[in-house]
Amino acid sequence: MFKEGLSVAGSARDMNIHEYQGKALFAKHGIIVQQGVHATSVEEAVAGWDQIGSSIV
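To convert, take the position in the sequence shown, counting from 1, and add 8; that gives my numbering.
Quick caveat, the hints were computed from the structure, so don't treat them as lab data. Small disclaimer: the values here were computed from a predicted structure and weren't measured. All C-beta atoms, glycine included, are put in the ideal place defined by N, C-alpha and C. A couple of the hints might just be wrong.
Distance ranges between label pairs, derived from CB positions [claimed, not checked]: (1) D22 to A47: 15 to 21 Å; (2) N24 to W57: 27 to 33 Å; (3) N24 to D58: 29 to 35 Å; (4) A32 to V54: 21 to 27 Å.
Produce the complete structure using the sequences and hints provided.
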């Protein structure tokens, strides 16, 4: 369909980012994303709940 590609802001060949990095990038540009915290213990989960102020799923 197209003979040439479209260059967008110096397109990178590969982009490998983690989910939290993608969410931060979206939020920075005004895109609404779900908040979340990483917890490896009950104490961290409770602290995350206090930080977010929402129900724990």
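The hints, checked one at a time:
With their beta carbons about 30 Å apart, D22 and A47 fall outside the hinted range of 15 to 21 Å. Remark: the range hint 27 to 33 Å for N24 to W57 is upheld by a beta-carbon distance near 31 Å. One distance hint, 29 to 35 Å for the beta-carbon pair N24 and D58, holds here, with the actual separation near 32 Å. In this structure the hint that A32 and V54 lie 21 to 27 Å apart at CB holds, the actual value being about 23 Å.
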